[in-house]
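Number of protein chains: 2
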Amino acid sequence: MSDAFVSKLVQQKGEKIILLVIDGLGGLPDRVAGKTELEAATTPNLDRLAKKGALGLIDPVAPGVTPGSGPGHLGLFGYDPTKYEVGRGVLAALGIGFELQEIDVAARINFCTLDGDGNVTDRRAGRIPTEECERLTALLDKIDIPGAEIFVRPVKEHRAAVIFRAKDLGDHLNDSDPQATGVTPLAIEPGDGSSEETARLANLFVDEARKILANEEKANGVLLRGFARFRPLPSFRDRYGLNALSIALYPMYRGVSRLVGMTIQDVKGKLHSLFEAVTAHYNEYDFFYVHVKDTDKAGEDGDYQAKRKAIEEVDRLVARFDDLPEKVLIVTGDHSTPSQMKAHSWHPVPILINGRLVRSDAAMSFGESACATGSLGRFPAREILPIALAHAGRLRKFGA
Amino acid sequence: MSDAFVSKLVQQKGEKIILLVIDGLGGLPDRVAGKTELEAATTPNLDRLAKKGALGLIDPVAPGVTPGSGPGHLGLFGYDPTKYEVGRGVLAALGIGFELQEIDVAARINFCTLDGDGNVTDRRAGRIPTEECERLTALLDKIDIPGAEIFVRPVKEHRAAVIFRAKDLGDHLNDSDPQATGVTPLAIEPGDGSSEETARLANLFVDEARKILANEEKANGVLLRGFARFRPLPSFRDRYGLNALSIALYPMYRGVSRLVGMTIQDVKGKLHSLFEAVTAHYNEYDFFYVHVKDTDKAGEDGDYQAKRKAIEEVDRLVARFDDLPEKVLIVTGDHSTPSQMKAHSWHPVPILINGRLVRSDAAMSFGESACATGSLGRFPAREILPIALAHAGRLRKFGA
Chain C
29 MSDAFVSKLV QQKGEKIILL VIDGLGGLPD RVAGKTELEA ATTPNLDRLA
79 KKGALGLIDP VAPGVTPGSG PGHLGLFGYD PTKYEVGRGV LAALGIGFEL
129 QEIDVAARIN FCTLDGDGNV TDRRAGRIPT EECERLTALL DKIDIPGAEI
179 FVRPVKEHRA AVIFRAKDLG DHLNDSDPQA TGVTPLAIEP GDGSSEETAR
229 LANLFVDEAR KILANEEKAN GVLLRGFARF RPLPSFRDRY GLNALSIALY
279 PMYRGVSRLV GMTIQDVKGK LHSLFEAVTA HYNEYDFFYV HVKDTDKAGE
329 DGDYQAKRKA IEEVDRLVAR FDDLPEKVLI VTGDHSTPSQ MKAHSWHPVP
379 ILINGRLVRS DAAMSFGESA CATGSLGRFP AREILPIALA HAGRLRKFGA
Chain U
29 MSDAFVSKLV QQKGEKIILL VIDGLGGLPD RVAGKTELEA ATTPNLDRLA
79 KKGALGLIDP VAPGVTPGSG PGHLGLFGYD PTKYEVGRGV LAALGIGFEL
129 QEIDVAARIN FCTLDGDGNV TDRRAGRIPT EECERLTALL DKIDIPGAEI
179 FVRPVKEHRA AVIFRAKDLG DHLNDSDPQA TGVTPLAIEP GDGSSEETAR
229 LANLFVDEAR KILANEEKAN GVLLRGFARF RPLPSFRDRY GLNALSIALY
279 PMYRGVSRLV GMTIQDVKGK LHSLFEAVTA HYNEYDFFYV HVKDTDKAGE
329 DGDYQAKRKA IEEVDRLVAR FDDLPEKVLI VTGDHSTPSQ MKAHSWHPVP
379 ILINGRLVRS DAAMSFGESA CATGSLGRFP AREILPIALA HAGRLRKFGA
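Chains as they are written, first to last, in our numbering: chain C, 29 to 428; chain U, 29 to 428.
I should point out that these hints are in silico values taken from the structure, not numbers from a laboratory.
Accuracy of the hints is not assured; some may be wrong.
For identical chains, the list gives no copy identity; a pair is met inside one copy or between any two copies.
[Stated by the list, open to error] No farther apart than 30 Å at their CA atoms in a straight line, the calculated lysine-lysine pairs in the DSSO-like style are these: (1) K370 - K80; (2) K36 - K325; (3) K170 - K195; (4) K325 - K41; (5) K355 - K425; (6) K425 - K170; (7) K425 - K111.
This structure is a prediction, so every number in the text was calculated from the model and none was measured.
Please construct the entire structure, taking both the sequences and the accompanying hints into account.
Right, here's the structure in full:
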């Protein structure tokens with residue numbers, strides 16, 4: 029099935045869909061009890077939803093592939109991540125609300141610390157505070173290189189974004205980040221003819237930035253990563269007929285939502301505010317994407333118990349959806365982040381779907397082992413949206 | 029795997045294959061016992077076949093897609109229904125044995141009742157008897173419009189078919205059926221340049237029909253649906269090396285069989301005659317497609333118990349296959365029709381495969397929950413034929 033096949037069947041009516049993404053949800057069993065973080069967590073609400081729902085395991089991108097957050101989310105949103113590649117630079121710019129134009133090439137900036145020989149001593153400049161980042165990006169935003177408009181914007185801590193705007197800029201460029209300390213940043217080399225001008229601009233930008241930052245104690249250099257030209261994707265509305273609201277605290281996830289045309293809800297603060305936003309705007313939208321970050325963070329930190337607790341907090345909050353009428357609820361993750369690995373992984377991710385027309389299966393709790401026996405089987409994440417639309421009554425019959 | 033990959037491996041020997049299609053087989057659990065129609069049915073024979081066989085769940089077209097009977101069957105026959113789209117008009121014409129030529133555009137006719145203002149009062153003309161349909165189509169068959177040959181043939185009750193034969197007729201046309209009463213039939217509009225002539229012919233045909241039927245009490249108008257040009261598919265013989273017999277009572281299923289080059293067995297009357305036809309012609313063919321309609325009808329009527337009973341009747345009859353030697357038996361459906369929904373649905377359909385070389389699994393009875401744990405997993409229906417051919421010893425090893 030092509031990604032777009034389902035679009036022909038979409039009808040503009042039906043129940044609502046909530047996609048709750050627990051970032052890095054999947055894990056590995058610990059060596060003592062043989063349970064993953066999700067299986068060890070006390071999750072009466074998710075188990076209740078699982079009991080009446082159908083379970084399975086998803087491959088976010090493809091079997092064996094460990095996804096970054098961008099591809100992981102594209103899969104969840106129904107876009108084949110092997111066909112739609114979106115660079116980190118574009119995601120960063122979108123995530124902070126920068127209005128990219130179709131000629132723009134964006135890259136991520138990491139402020140870094142360089143020693144007297146120009147070698148990197150800290151790839152994150154001691155994680156400078158966000159206020160520092162804002163002060164420094166304001167300085168860099170003044171860099172003027174003939175032949176292009178250049179925009180520099182703060183993201184968070186040592187992270188920022190740079191956008192090069194000029195006609196016909198290619199985006200086949202290596203990162204300048206050497207991914208190591210004790211060595212100099214890499215020169216940015218073009219990978220094709222159309223990227224030669226972009227490389228010229230980027231290397232000049234790095235030189236200018238170094239001059240401007242020369243007297244900074246920590247952030248006296250910049251590393252550029254994830255060059256990417258902005259190519260908007262077919263929107264959620266065009267593809268699925270859905271008026272979609274994105275509810276996420278972090279720029280990255282707002283960025284990927286913006287890429288598919290979702291409205292971005294301005295949420296701040298604690299996790300419960302995300303769940304409250306669904307209730308508050310329930311009548312205004314057809315589709316709600318809710319993103320929980322803490323699970324992934326705990327997994328990346330290698331903190332099994334913190335991940336378990338983060339899942340338990342989600343479990344308490346998910347009960348707030350109980351009284352919302354006429355809905356299909358999907359709970360899953362954009363990838364696995366086993367705390368044993370302190371990193372994203374390729375392991376398939378648990379998924380549950382709950383709703384009026386779900387054919388419930390024998391699986392009785394929400395966990396990796398139960399999901400392996402669920403009736404949804406193991407399937408590519410990009411099939412989630414068609415399945416959700418069907419259960420919400422939003423797809424017409426195909427053929428006579 | 030491309031649809032045709034398997035063709036390269038086919039060899040002209042091996043066991044026989046019986047594909048028993050229980051229309052609309054899949055269901056949803058009832059609210060009391062939590063069992064689907066299939067799970068509630070007493071099915072000792074199917075359970076015995078399941079015990080020694082392998083189980084799974086199929087997606088007839090694609091996850092989330094609710095198939096019409098045409099696409100549902102194409103999937104079962106191994107043709108990707110998203111690539112091979114066949115209109116209802118073509119299926120109807122093929123189903124009554126009309127020999128379509130490659131220039132023909134066919135449409136379904138529903139006789140309808142119109143009031144004095146030309147508004148539809150009954151979209152099925154009170155379901156006139158088939159004899160009436162035959163009388164009226166004989167009248168309409170005489171309609172003569174310069175520029176094309178026109179054929180009108182009865183199907184059943186209020187249903188008929190019309191075939192327009194002329195060079196270069198397009199088939200991008202809307203239905204004239206307004207899908208509602210109290211309104212006039214829709215004008216037939218061309219969707220592209222090559223369909224303009226077809227639209228002209230079709231609208232003239234509707235006008236002429238109305239004149240001829242003016243004095244009929246019930247069937248005084250016609251509604252046209254499902255315009256489709258005839259494009260034959262690669263045949264079962266070319267693709268799979270199979271000499272195939274289709275055993276179905278209803279025109280629709282004969283039609284889709286003819287589309288892939290099966291021989292059509294003339295069966296009439298009760299369900300047991302279908303099973304007897306397999307036995308009677310067992311030595312003459314390699315492949316037998318047997319179609320049971322009653323389950324789908326009961327599902328569409330919302331009659332859980334009737335669907336359960338229809339499954340139990342199939343269970344009694346399937347024992348007649350026990351003594352047929354050297355065979356692979358597949359039991360499945362072309363889609364789900366949960367009686368709770370009174371309609372086709374997207375839910376995956378139970379499948380069992382039984383034969384000498386089947387690797388039997390732990391699933392012990394034939395039902396949705398058991399199939400969810402079966403060793404075949406959840407897979408696209410178009411993979412059934414390759415699996416069946418393999419078990420029948422009809423595929424060579426691929427590569428050295």
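Verification of the supplied hints:
no. : hint        : verdict
1   : K370 - K80  : between (33 Å within a copy, 21 Å between copies)
2   : K36 - K325  : between (39 Å within a copy, 27 Å between copies)
3   : K170 - K195 : within (20 Å within a copy, 66 Å between copies)
4   : K325 - K41  : between (37 Å within a copy, 27 Å between copies)
5   : K355 - K425 : within (20 Å within a copy, 34 Å between copies)
6   : K425 - K170 : neither (56 Å within a copy, 35 Å between copies)
7   : K425 - K111 : both (27 Å within a copy, 16 Å between copies)
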